[in-house]
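Trainee: Now for the letters of each chain:
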Amino acid sequence: EPEVTQTPSHQVTQMGQEVILRCVPISNHLYFYWYRQILGQKVEFLVSFYNNEISEKSEIFDDQFSVERPDGSNFTLKIRSTKLEDSAMYFCASSGRGNGDTQYFGPGTRLTVL
Amino acid sequence: AQKVTQAQTEISVVEKEDVTLDCVYETRDTTYYLFWYKQPPSGELVFLIRRNSFDEQNEISGRYSWNFQKSTSSFNFTITASQVVDSAVYFCALSEAVTGGGNKLTFGTGTQLKVEL
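Sequence lines, in order, name chains A and B. The opening residue of the first sequence carries number 1 in my numbering; numbering runs sequentially from there. The opening residue of the second sequence carries number 1 in my numbering; numbering runs sequentially from there.
Hints were generated in silico from the structure; no laboratory data involved. Be aware that one or more of the hints could be misleading.
Claimed, not checked - Cross-link-like lysine to aspartate or glutamate pairs, in silico, EDC-like; alpha carbons within 16 Å at most:
1. B:16 x B:86
2. B:3 x B:96
3. A:57 x B:86
4. A:42 x B:44
5. B:3 x A:44
6. B:114 x B:86
7. A:42 x B:10
8. A:57 x A:68
To be verified - Some chain A residues near chain B, calculated using beta-carbon distances under 7 Å:
9. 43
10. 99
11. 100
Said to hold, decoys possible - Derived, one-sided and incomplete: chain A residues facing chain B with beta-carbon distance under 7 Å:
12. 52
13. 62
14. 65
15. 108
If you're wondering where the values come from, they're calculated on a predicted model, not measured in any experiment. In this text, a Cβ means the ideal position worked out from N, Cα and C, and glycines have one as well.
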């Protein structure tokens with residue numbers, strides 16, 4: 001069964017460093033998303049991406065964040081200068097269509113900023 | 001703005017008990033979609049069910065059933081004869097219809113279900 005994959009599973013970085021989180025969505029999906037979950041809290045939407053551009057972003061997704069689909073399979077989230085409060089689990093998701101279609105999530109990347 | 005409320009923070013039951021997880025949502029749209037996801041201790045988010053706002057039929061899948069009531073803006077989830085493997089955090093989520101582009105999911109705060117022997 002097709003699934004979303006994410007690498008690395010755990011990333012530890014120093015405050016101020018740049019990190020890139022990688023995702024491989026399900027191959028025939030067209031819509032891609034990033035969410036984050038601070039430990040013990042709810043899952044929060046960061047950004048959605050379709051047709052090589054951002055279709056929606058949340059207030060959390062400020063200038064320190066960027067997304068890219070560098071090739072036909074990968075979808076990345078970059079945080080330029082990490083802060084302590086960026087420590088969280090980051091989930092990538094994809095869906096085949098937009099409106100209301102089921103989003104399938106990857107296993108997540110746990111980001112720890114020291 | 002869309003909002004999802006899961007008032008039950010944590011529920012503990014003994015195996016084989018039935019348990020209902022509550023979900024109340026708010027939206028101004030007439031077209032929207034509701035979901036339940038399961039997050040086991042391993043941390044991944046597992047899709048359980050999707051419902052659109054025009055389909056109020058209740059659904060049963062094995063030991064799982066869902067009760068969607070637009071009149072009370074609720075989409076409750078019942079596990080019958082619970083098992084230890086059902087122990088997880090369960091999230092209810094909502095998305096509104098969006099033209100051209102993906103639609104974000106708004107999650108509730110989750111309900112931690114603990115099933116004990």
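Trainee: If a hint holds in the structure, say so; if it does not, say that too.
Mentor: Against the structure, the hints:
1. A distance of roughly 11 Å separates the Cα atoms of residue 16 (chain B) and residue 86 (chain B); the hinted pair therefore holds under the 16 Å criterion.
2. Straight-line distance between C-alpha atoms of residue 3 (chain B) and residue 96 (chain B) comes to about 11 Å, which keeps the hinted pair within the 16 Å bound.
3. For the proposed pair residue 57 (chain A) and residue 86 (chain B), the alpha carbon gap of about 33 Å is over 16 Å, so the pair is violated.
4. A threshold of 16 Å between alpha carbons decides the hint, and for residue 42 (chain A) with residue 44 (chain B) the separation of about 13 Å falls inside it, so the pair holds.
5. For the suggested pair residue 3 (chain B) and residue 44 (chain A), the alpha carbons sit about 12 Å apart, so the restraint of at most 16 Å is met.
6. As the CA atoms of residue 114 (chain B) and residue 86 (chain B) are separated by approximately 8 Å, the hinted pair is consistent with the 16 Å bound.
7. Distance check on the hinted pair: residue 42 (chain A) and residue 10 (chain B) sit about 14 Å apart at the alpha-carbon level, within 16 Å; holds.
8. With a C-alpha separation of about 14 Å, the suggested pairing of residue 57 (chain A) with residue 68 (chain A) holds against the 16 Å cut-off.
9. Residue-level restraint check for residue 43 (chain A) holds (minimum Cβ-Cβ distance to chain B is 4 Å; threshold 7 Å).
10. For residue 99 (chain A), the interface hint holds, the least distance from its beta-carbon to any beta-carbon of chain B being 5 Å, beneath 7 Å.
11. Here the hint on residue 100 (chain A) is kept, as its CB sits about 4 Å from the closest CB of chain B, short of 7 Å.
12. At about 12 Å, the closest approach between the beta carbon of residue 52 (chain A) and any beta carbon in chain B exceeds 7 Å, and the interface hint on this residue is violated.
13. Look at residue 62 (chain A): its Cβ only gets to about 16 Å from chain B, farther than 7 Å, so that hint breaks.
14. Because the smallest distance between the Cβ of residue 65 (chain A) and any Cβ of chain B comes to about 15 Å, over 7 Å, the interface hint for this residue is violated.
15. At its closest, the beta carbon of residue 108 (chain A) sits 6 Å from a beta carbon of chain B; the interface hint therefore holds under the 7 Å criterion.
When held up to the earlier numbered hints, the structure conflicts with 3, 12, 13 and 14 and fits the remainder.
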